[in-house]
Structures are given as C-alpha cells and as structure tokens.
Amino acid sequence: MSFATINDDILRTLRPPGRVYYAGLALALAALSIGVLAFLYQARTGMGVAGYEHPVLWAVYITNFVFWVGIAHSGTLISAILFLFRAKWRTAVARAAEAMTVFAVVTAALFPIIHLGRPWFFYWLIPYPNARELWVNFRSPLIWDVFAITTYLTVSVMFLYLGLMPDLAAARDRITDWRRQVYRVLSLGWLGTNRQWRHYMALYGFFAALATPLVVSVHSVVSWDFAVSILPGWHSTIFAPYFVAGAIFSGLAMVITLLVPLRRMLRLESYIRVHHFENLAKLMLMTSLIVSYAYMVEFFIAWYSGSPFEQGTFYDRMFGQYWAYSWMMFTCNVCVPLLLFSKTVRTNLRSLFVISILVNIGMWLERYVIIVSSLSHDFDPANWSGVYEPTWVEAAITVGAFGLFLTLFLLFVKNFPAVSITEMKETMERPAEGDPASAWPEPV
Amino acid sequence: MKQGTSSLIEVVERRTFLKVLGSAGPAVAIAACSPVPPEKIIPFVIPPEDVIPGVATWYASVCGECPAGCGTLVRTREGRAVKVEGNPEHPVNRGGLCIRGQSSLQGLYNPDRIAGPQRRRVSDAAGRSVLEGVAWDDAQQTLVDRLQTLRDAGRGDRVVLITPPLTGTMATLVAAWADAVGGAHWVRYEAFAYEPIRRANARVFGRAELPHYDFARADLLVSFGADFLETFGSPVGYARDHAGQRRVRNGEKARFVQIEPRLSMTGASADVWHSVPPETEGLVAAAMVHTIVDERRAQGVPEEVVAQIAGLVDGASPDQVASTTGLSADTIRELARAFSDPALGSGRTLAVGGGVGVSGSNATAAQVAITLLNYVAGNIGATVDFSSASTLSTAATYADMRGLTDQMRSGDVELAIIYTVNPVFTMPAAADFGGALAQVPFVASLSSLPDETTALADLLLPTHTALESWGDNHPRHDVRGLMQPVMQPVFDTRHAGDVLLEVGRSLGDEAAAGLPRRGFYRFLRDEWERMQPAPEGDPETAEPAAPDFETYWADALRRGGTTVPVETVTLDLIPELFQTGLVGDLAPTTSRRPYTLVAYPSLHFFDGRGANRPWLQEIPDPLLKTTWGTGVEMTPDTAHALGAEEGQLVAVESDHGQVNASVIINPHLSENVVAIAIGQGHTNFGRYAADAVGVNPIALLDAEPETASGGVRWVGTGVTLTPRELARPIPRLQRSFDQEGRELAQSVSLAALVAGEVHPAEHPFSLHADHDHPVHRWGMAIDLDACNGCNACVAACYAENNIPVMGAEGMRRGRTMSWLRIERFVEPGPGNAGPDNRFLPMLCQHCDHAPCETVCPVFATYHTDEGLNAQVYNRCVGTRYCSNNCPYKVRRFNWFTPEFDAPLPLQLNPDVTGRSKGVMEKCTFCVQRIQDGKETARDENRPVRDGDVSPACAQSCPAQAIVFGDMNDPASRVSQLSDDARGYHVLNELNTRPAVTYLKKVTQDR
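Chains Y and P, in that order, are what the protein sequence lines are.
Sequential numbering of the first sequence, starting at 1, is according to the numbering used here.
Sequential numbering of the second sequence, starting at 1, is according to the numbering used here.
Simulated from the structure, these hints should not be mistaken for laboratory data.
Be aware that a few hints might be false.
Per label pair, the in silico range of CB-to-CB distance [claimed, not checked]:
hint, chain 1, residue 1, chain 2, residue 2, range
1, Y, A26, P, A870, 46 to 56 Å
2, P, R742, Y, S351, 18 to 28 Å
3, Y, P261, P, D901, 47 to 57 Å
4, P, A870, Y, S307, 43 to 53 Å
5, Y, V354, P, D901, 48 to 58 Å
6, Y, R264, P, A870, 55 to 65 Å
7, Y, S305, P, H759, 44 to 54 Å
8, Y, L40, P, D901, 53 to 63 Å
9, P, H768, Y, S307, 47 to 57 Å
From the three backbone atoms N, C-alpha and C, an ideal C-beta is built for every residue, glycine too.
Taking the hints into account, I'd like the entire structure generated from these sequences.
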C-alpha cells in the first residue's frame, strides 16, 4: 500500500454511488419525511397526540434526546481522547465517528424542541436581549442543556472540519465535477506546505485538548436534568459518571453498527480492519462494566437509604409494570457485552454487529426505563399511572430521527472522505528497505 | 396653537393622519382575509340596570337539583350565570353546596337542551315519526285542543300530570290547574321517595313523614346504610351539622358507626364501619332495641311500653341475630349500651336508616326497628325532629306509579303531561313504564333536557331550568326558599307555570275562573303577600310596624327565602303498632341466585339526572375514583371465584333483566354482594351520558314494590354473574389506595391528642434564604378530620377556574385538568372497626421552596411576594419539567386547546384567563378572588380582614374543612390552625415548606 493507493482508494468512495446507496438514501429520506409530518401534526393538534399518561410527562422524546446525545460521545472520545493518548488504531474509524457525532448532536438537539408544548417558542430558552426584559432561569438544568449542547455541537463541527481540511484539498485536486468548487472553498487554500502542517498539527492538538473535557461535561449536564430534580430514581449523585460511561458505551456500539456495513459498502476493508473493531469492542466492554457497576450502586443505595420512596421506585423498576423493559435493559447492557471477553466473539464482525445492535437497544431502553418508570411511580401513590404506551406519533418522530441521522450520514460519506487520508498516511507502516515500492511516495 | 389645550383635531396633523391611514389600511386588508366573519359590535345606548361590565352581580335563589332545597347565591357577569355557591344565610345548607348543585350551571348551559317547542309528526307511510320545531303558540294550542276535547267530553279525569314533588306556589298552581281541566290526576313522582321511612313512621307514630335529623346534637350516630353525606335527605346541611358535631371539643369527639353492606362515602367517614349482609340492618336495630329494653336502659319510656316493645323485638336478641348479621352479639350489645348511655343524657344519640340503603323486601320493618331504637333512646323530638319534617312526604309511592302504569296500559289515561321527571329511566325496567306510556294517545313533556321519557312524547314544551325561573321551594316545614331567575333564558323556553296557566286559561272561562289571573310571577308575589306574616310590633315603642310587602319581598329575594315558625310536634307510639309482629318481617329474603345486588344512589348522578353533565362525569367517584362510567363492583374474592379481572365485562342477570357491566374491584362489600351505582346507562340523555361507559342497575330490579310501603326494592335482588371474553375498563384516576407507609394522609388517635403527645412537625434546615412576604402571605389549612371526600370543592374549582373536561379517553391516560383532587387512602382500622379511610384534598401547596420554580427554564413559574406560586401562561413553553419535579403532582398540562361545547362557554369565568395547548396550569389559590377581596377592602378604605378572601374550594365545602387566609396575620384562623398540634405538611422531609397545612384525622380507638 502506498500513499497513492490510499488517495485512490479513499477518494474513490466519492464517486457516483450505486443503487444500494440510493435505495438507502431514499429509505432514510422517507423516514425523515414521516417524522416531519408527525411533528407538524403534533404541533398543530397538541402534545396530547403523544401517549403521555399523567404523571409520565417526559417519555420517548426525552429518551431519544439522551440516546442521541449519548451516541454523540464516542466520536469525540475516539478523535480527541484517543488522539491525545496516541492510540493509533483510532485513525481508521475516527472520521466516521466524528461525522456520527455531529449528526447525532444535530438529531439530539431537535428533541428538546419537539417535546415542547409550544415548540414555536423554543428560542425563549436562549438568553438573548429583548425589549420585554425577559431572561432565562440559569438555575434550570434545561438552560444548562442549551449551553452544553450548543457548545458541544460547535466544537464537534469545528473538530470534524479541521480534520477534514487536508483531505478536502486532496479531493479538490482529484474531483472534477461541481463539488470541486465546494472543496476549493472549504479547503481554505490548503497546499500542504510545511508551515501549514506545523500550524495545523498544533491547532489539531489544541482542539483535541479542548474537546476532551466536553466528552465528560456534556453528558454530565444532560444527566443533571434528572439528578438535580427531586424525583426518586432521578435524584442521585452518581448520575454524571454513570451517564458519561453509558453515553460512551452506546456511542461505541453505534460506531460499530455503522462501520460494519459502511466498510463493505465503500470497500474500505483494507483500511478499517478487524483489529480496529476489536479495540472498539474492548472499550465497549470496559464501559459496559462501568455501567453495570452503576446499576448495582443505584440499587444498593436505594436499599441502604432506608427511604420508602427510593426503595419503592427501585422495587417498581424491577418488578413493577415496566419490569420487562428493565430486564431487557439488563440483558442487553450487562449480560450480552460479557461475551466480548471472548476473543473469538470480538473478532467476529457478525457477532460484533449483533452485539452492537443489542447494546443500542439496551441503552435506549435504559433511558426509557429511568425516565418513564421513575415518573410513573413517584412520591404519591394516588398518582401512579397505568402503563404508558407511545402512540404512532412518537414512533413516527423516533423513526424520523433515525431518518435524519442516516440521511446526513449517507450524504456525508459519499461527499467527504469517510476515512482520514492524512492520518492513514501518517500511521501507515513504512515499507521495508529495498522494496521496489520503497521510494518515498509523492506528496499529495 | 396653545400648548396643553389642544383638541384632538388640532393635534392630528396631515402627516400623522396619513401615517395612521397607511398602517391601518393593510391591517384592515389582512383582517378582511381572515376566515372568521366580522361581527358587529353595538354598544349599549342605555346600559341595562344592575349590569356594570366587570362587576359581578349575585342573586339569591334555591337549588333545584334535588328535594333538599339548598339556598344558592348565583354569581352573574354581564348577564350570564358563571357560578353557583351555597347561600350562607339559608337554613338548609348555610354556605356549602354539593357537587350536583354546583353543576346546575351545566344543566342551564347544556348543549343538549331542547332549544324550542317540538311536535311529533308522522313522517312516512310506515308510521315513523319525527319531532319538528313549532312556534310556542302552535305548540300550546296543540295541547289546548287535546285538553279541550277531553274536558268537553267530561273525561278531564283521564288526564295525568306527573311532576316532581312540587311545593309552594307551583304546587298550589298545579292543584288548581288539575281541577280546572276537569279533575286531572296529579302524581308527584320522585325516584328516591323513601317510602319505607314514611310508612314506618306512620306505623309507629301515625305520621307518614320524613323527619329532620339533627346531626348537630348526636354524640353517637348509628347509621344503617344512610348516605346522608351524599344523597339522603338534605346532604349538604347534614354534612355541615355532622362535621361541626364531630370536631374534637374538650377532649371528646362524637362517635359515628355505619352499618351497611357496601361501604358508602358516608360510611368512609365513620369511626366504625360494620359490613352486614343486605336486608339485615333491621335485625341489628331490633337486637339493639332488644338489649336496651332487656337491660332496662330505655330513657323516658313508661314501663308498660317497654314491655310492649320487648314483646315486639322478642326473638331478635343479639345472640339470635348474630349469625344472620355477621356481627357478634357482644358488638351489638356494646353498641346498644353506648346508644342508650345515660352519661350522654337523653336524646343525644341518633339512629338513621337509609332511604335507599334500607330498601329491601323488609325495609318497612327495618325502619320500624330503627325508629323504635330512636324512641327507646329518647331521641324522638330531640335528634329526630318531626316539626321541621321534609315535604318529600307528599311524593307518590312507587306503588302509586305502578298503579298509574297499569291505568296507562289499560287505556284509562288519554293524555299525560310529564314535567321534568324521567320515570322511564328511574322506574324498574320490569315495570315497563315506557311501554305503558306508549299506550297513552298523547304525551306532552315539560322538560328542559331530552331524556328517555321525552323521547316518547308527542309534544315537547321545553321549560326553564331552576336558574331561569321564578318560584319557591318549601323543602321542610320550617323553610320557604325563594327562587329567582338569574339571567335571561338561554333557549326558547318558558316557565312551566306560565305554560300551564296559558293552556288552562285557553280552555274557556270556566277553567280560567279557577286559575290565577295573571302570570306565574304575579301569582308567586300574590301568594307571598298572602303568606306574609303579620308584622310584629316594635317591643320598645309598642307601635305596630307598617305592613310593607315590597320591603318584605325584596328582603326575601335578597336572603333567598324566609323561615316559617313551626309548632313542636309531640309524638307517641300508636297502639296499632303492637297489633302486628315485627321480628318475623325482618328476615332477609333468599334468592336462588348466588349474589345479591345493591343498587345505590350516586353522589354525582343522584337518580340519573346528573349524567349529562361533563363535570359530574369527569370528576372521579369519591371512593372508587372512577370516571365516565359505572360498573359492577365486586370483592377480590368474588372476582377470583368468577375468574374475572378489573375491567372485564360480566353479564349480570336477575330474574327481571340482564346487563353487561365492567368489573370494578371494591374490597369493601359484604360477602356475595355486588353493587352498581344508579344513574348511568342512559339510552337517550345527551352526548355526555352517551360518552360514558355506564350500566343501569334499575334494569335488573324487581318491578314488584316492597309490600308494606310500596317502595322500590333497590337492594336485595338476586343476580348471577357470567364473565365474558371482553374488557371495557372504567378509567380510574387513582389506582392504588395504599399509601405504602408514606404517611401522606396522617391520622392521630384521640387519646394521643388529648394526652398532648402530638406536636406539629418542624421544618428541616435549609440553606436557601426564605422569601420575603411584606404584606400578605396567603395560606390554607385543611382539616382531614372534617373532609368527607364529597367532591364539592373539586366542582367549585372546575366552575371558578374554567377547567375543561377531557373525556373518557383523556381520563384513561390520567389527563384530568382538575387543579384539585381528593386522594383516598385506606389503612387497616383498629380491631374490627373496619377500614380507616382518609381523604386528602390535594392542590398546589404554594411551597416557599418550590421545586417547580427552580427547574423552569423561562421563569414561567415563580414565587410572588404574597406567597403564591404563580404560573405565567404566556411565558410557558411547555417543557413540563415543573410537573416532573413537583412531588405533589398538582400541575396540569394542556394537551390540547380546551374545547367547550356551545353554549357551555357562557359559563366561563371572565376573571380567569383561558389556557391554550402546550402550557402548564395549576391552582392559583383563586388569585382572582384574592384580588377581588383586596379591591373591596381598598374601596372600603380598610385593610383586608380575615375571611374576606375565600377560594372557591373553601367556600363550597359543606363540612368547612378548608380555611384560607393571611399567614402574616397571627390572629387569622389559618395562622392559628397552622400551629395546631394536628398540623403537618405532606412530604415534610422534602422541605418544600408548603403554604398548605393539613390537620391530621382523629381516630377513636373505642
């Protein structure tokens, strides 16, 4: 493999797509349209078209919000933290993970708006100067969310863009169709000079350092939506680390879920290799163990607190009307990942793919269980509701979110290099002396 | 141009004018594009008297919902009634008003009301007919023609007039009218006419009356299935007397024992609840009498009478009845001894037998035993008062109605006029009143609402509701209420009295001679002038005051009526009592069917008349917390035996009919008893009754009346239950009545309270600074010992605060919009005292440290400087975080923009903002009433006094369990109650520092 073949192979992925791609894109767009229509119907008719059952006033939308914010975590982890740790295996998967991060944050950020009773006033949550002298309540975790999510989105976009810049220049030099102009503008006149590289590398390191604390902070803030409230099942000091670990866990699972078909579709098998997946699986196993530990701590503290409210809530979570969701969640998040201790399992892409999907389901259920079962079984038994069941509107909007995410992701991988050309070259193995191909490749 | 004196024309320069024109032009153009047609707004040239926009006018009147005749004050705004409250000056209810009375507004503005006169016309060859609208004159002429024919043929006695048990001027008018048309047969029909009580009093005292029970003097109350806090007699007045008597005084609290087969809301307030099989209450009463006479404890009864009574109850000793009633002989004996305890003094106890609760085949005998129990305890003339007896005694018995049914079927009735009542629904289906009515050649209906009876009418002459009518009401011998219209009629309706008068006068001079010459209003005034008592002389000057009717009339109108002096009635047993046996008649009937049905009157629907009112459907039942429907109640054991689950359909079959009913699990039933509330299962009573999933138990009842009294046998029908493979759950707003040790509704034993072992809980330490409340700090105290769960406060809140109803589908998802709910918790009672029921009215606690306030991202909810937790609807974006963080879960989210079917929007209170979809709302402590109280005080140039401000819930409470006021004023009642030893805050450990203090329920161990 030479620098030239890397260029050839990766830029080849930008060529006009085949039928499978178009079919996938059409499916994603259809899902997106269903979601948009469902949302418009909900906004016009009222939130009552969703299945909310008093006192369960947060449900699928907030579950989706936390789920997608969680998905957004592995990208930054892989690009920033693993970059700082010089874990070179990250190179093959970093670009896809970063793109996934950006699109997941975009998807996630829609849900707090979708879930509003009056979504057309979403901008009231932004502190902007106005003639009515209205301000936001900085004591509310929802305002912290606004800042956390917007910051994270900004930094993720910048980070993705920065990593893309040399590759955009490569694409500019190779692609001849209308996109060339786009690449030309976006690559900001990149020439690959030594001075540019020096500045670039410093900046990249700086961004990695800036993004690293965000991995921890964003999901901590999201967890405080729950932990800062007084509801049993939410009000807990372990929520921040518990949610961060869970977020990375689910994000890694999503990376695997996306990369397994992607590498096949873009024929990148020689770049994204099995040992990359194995490393992701190891990380996933570690975060799964942290999450399992958090589950145990929650139940222990509920028992140890002696509070009838805490004990009631956690008993209800295991044996109440949402028991099936809880047990499915434990199976997917605690038991199934234990298979990854086996090297055979974690180096087999089929089994890994299945496990990653189960983890995605499990983590979605985790948020669902925390939100719905805690709300349904609060302080006052007179309120305890029947089983909340989402309606078709919530299902359609959830499907629409996947549609949005996949649309963006599919558009990205066909228009931008899905694997970093630059970094592949940096980390590729040097050819042995005397090899006919030992001549140092041409600079790009 | 001089500065300061410029007129408008001078100021408006050409440029300004053009600017205005420029901006107004497009605005007009845009407005013209909107789909809403423009409406002309015409100002009053001469504004109507008494109507000041923005200022409420109150009218005193009388509630027409049930025979109790409570006094009302009706609040009107801009000429329309918006709220009905109890009249504090009226002797029957003295301020409170029940849920049915408050819902009379939804009778007035009911969208299903008959909008104008209608006449039936045969529409096709098959004989099908339709009702078509006609003019009032034509409609009345139709009736006149029919009556004229009959009268001229001398068959005026073949006319039947069925009305409610009218009293006062309307009764006088109807009696005169019946004569005028040639001897029409006038039947006063009331579904719950308490025939056994009247018959029993006739047998014991020779007086077929329903006495007034003085709950305010009963130190020990034994109620045999009397739901006197719900429908029996005069529930609002009784609730007030009862609650007042049950307050802890000098370390003592009056005791209350309820004996019945199904736990009623009334029984839920009892210290001791005994579950007995249906139709055995009389045996318990007889055994108590047996013990009292046997142990020589009868008070003020001559020896020979004691001996005679002993003869009557011979064979009903506690030991002999123990196995039948399921109560141990010792329990009965102890209760009898307590009931005749000389330490209490004579006439300080009270036994009440339910009008519908005790209505089996032995009901009259049972009521005789209960009356004797009162007699031997010296209660007659004391707590049982015949001098101010109810005028319900004039009502026909069910047996009379059966006789009428037979006459109609045999063709002896040629014309029936039915005013308001709905016997097709309320009489046992097996009696087939509807089938008989169809045999009557011509049926005219004077009803405001369409129902099962009007559906069979040939002519509909819609009448005013009570709120649109002049009238008077004479519910007890000592009370004469005056009813005045509070607004113009909503529909094209007429007063029933005027219709009868006009029709009667059209029958010729001879008929007209017997009738009042002028309209009903004039007749009413004349009657009152006739009845005006001779003015008393001024005792100081000894000069007789001038008899001035106008002053008297205006005063009566303002007060809502007047009281009438009555003579004390002394009663003694009549000898005929001892000529027949008693104990032999007390044995319960046996049925070949395995279960026994108890059909009980519903707090919300009474005999069914409330079923088309959305509030009454939506507000949950006080005990079962069911909404929009009724089902068959059975114990978990019965359900288990049947293999049925909550919500499953079960075919309930008696010898007389069959219904399919949803199972409602209710553990508080006697063995093998199933219960169904009366009032639902309408087939033709408007949209809200049709939306409800109800079942009508009257369809299962025996058509044969109780032999002795001629009353309906509501209790004791044998039924068979067959589970079906269908489910139709009734939405329940509370599913668990177990508070799981969470101590939300707390109680304290009387002994501990008297011993001074009870102290109010202290607030935990807080890092946050307290709020500043410079002028007022509004607070509330709710006495759980007084609250009986009657839902009056909930209805008041709906009416005052424009709370929408969400319907059965909404209730299935718990989406009630009620700002106030009454939670019910059941704890195991001490010993065999039955369940300890606790009612906990739950509303926004207006916390000082409110969890909802900190989490709202946009400050839509905040703490005011008067201690209110305010909600700014305009600012709310609908994150619903506040509700999640509210431990009391009292916030309500608008899932949809509320809809009120026309003309129900006329009821909306203009002082309360309407809410749209997507915003949160909750209790405001009736901030508009606080504002009103402050403004009144300011107008009168004085500070706000304690009692000036009363939220709707506190105002309506018949038991006066809710007290509201300024906590900054240490002398205010609410401040003092907040420091009461029984005071506590719900979920105190969360340190939310609520402004609502609850006073613990007081239990008695005895």
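Subject >> Cβ separation of S305 (chain Y) and H759 (chain P), checked against the hinted range 44 to 54 Å >> reply: violated (26 Å)
**OP:** Using the beta carbons of A26 (chain Y) and A870 (chain P), state whether their distance is inside 46 to 56 Å or not.
**Re:** Between A26 (chain Y) and A870 (chain P), where Cβ atoms are some 51 Å apart, the hint holds.
**OP:** Take a look at whether the Cβ-Cβ distance between H768 (chain P) and S307 (chain Y) falls inside 47 to 57 Å.
**Re:** violated (22 Å)
**OP:** State, for the Cβ atoms of R742 (chain P) and S351 (chain Y), whether the hinted interval 18 to 28 Å holds or is violated.
**Re:** violated (47 Å)
Original post:
Range hint 53 to 63 Å: satisfied by the CB atoms of L40 (chain Y) and D901 (chain P)?
Top reply: About 27 Å separates the Cβ atoms of L40 (chain Y) and D901 (chain P), which means 53 to 63 Å is violated.
Original post:
Is it true that A870 (chain P) and S307 (chain Y) lie within 43 to 53 Å of each other by Cβ?
Top reply: violated (31 Å)
Subject >> Cβ separation of R264 (chain Y) and A870 (chain P), checked against the hinted range 55 to 65 Å >> reply: The hinted range 55 to 65 Å holds for R264 (chain Y) and A870 (chain P), with Cβ atoms some 59 Å apart.
**OP:** Using the Cβ atoms, figure out if V354 (chain Y) sits within 48 to 58 Å of D901 (chain P).
**Re:** holds (55 Å)
Subject >> P261 (chain Y) paired with D901 (chain P), Cβ distance criterion 47 to 57 Å >> reply: holds (55 Å)
Hint check: violations occur at hints 2, 4, 7, 8, 9; the rest are consistent with the structure.
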